[in-house]
Amino acid sequence: MLGCSSKLEQAVEEELAIEDGIPVYRRPSGGESMFLSPQMAVISLVLDLEGRPLPRTLFKATGEALIRAMESLGIRDVVVRGTSDLAIGERKILGSAIYQRGSRLFYHAVLNVAEESKRIQRYLRHPVREPKYREGRRHEDFITSLNGAGYSISPEDCRGALAEAFAHSPLG
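Numbering-wise (this note's numbering), the sequence shown opens with residue 1 and increments by one.
Keep in mind that the hints are not guaranteed to be accurate.
Said to hold, decoys possible - Below, computed lysine-lysine pairings styled on DSBU-like, alpha-carbon distance capped at 35 Å:
| no. | residue 1 | residue 2 |
| --- | --- | --- |
| 1 | LYS132 | LYS118 |
| 2 | LYS60 | LYS132 |
| 3 | LYS60 | LYS7 |
| 4 | LYS118 | LYS7 |
| 5 | LYS60 | LYS118 |
| 6 | LYS132 | LYS7 |
It is worth saying that the hints were derived from the structure and are not from the lab.
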């Protein structure tokens, strides 16, 4: 999925995506492009901004809820890196973005449960903008999955834990 300001030719290995039947969509939220697969869990929240926090505070609150969800599954050492990524050590497992229209804010995140970073590398080019902790690393060297970090967890298990964490969050 292309971020709202991403250019297809800079973000996606278009010929490979077409060859492999991978559709490319544009989303209204910011951030760089992302790859989605059934081996990932997608988190989406729609919030009414009246009395809600600013984006940085929102990212902090969602990060805390996400880390609680990971801990409930026995996943340790998950930390916030950059503005709103979650990582195990220096390897990214989750990215997120927001989109605001009027008094509504849409937050979404993608948790890599079991997708191989090699597959992500195949379809996404190196991002135009990157967080400092990425240090120029390729997707294969920067991204991991929960399974890749040694946790044998399914996307379904993650979805249940994520729903529970947000149900008991001030954002829920």
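Given pair status - LYS132, LYS60, alpha carbons within 35 Å: holds (18 Å)
Agreement of LYS60 and LYS7 with the hint, judged by alpha carbon distance not exceeding 35 Å: Status holds; Cα separation ~29 Å.
Pair hint LYS118 and LYS7, alpha-carbon separation not exceeding 35 Å: At roughly 22 Å apart (the allowed maximum being 35 Å), LYS7 and LYS118 satisfy the hint.
Given pair status - LYS118, LYS132, alpha carbons within 35 Å: holds (22 Å)
Distance restraint between LYS60 and LYS118, which requires alpha-carbon spacing of 35 Å or less: The given pair, whose Cα atoms are some 29 Å apart, holds under the 35 Å limit.
Hint consistency between LYS132 and LYS7 [alpha-carbon to alpha-carbon, up to 35 Å]: holds (22 Å)
Consistency note: the structure conflicts with none of the earlier hints.
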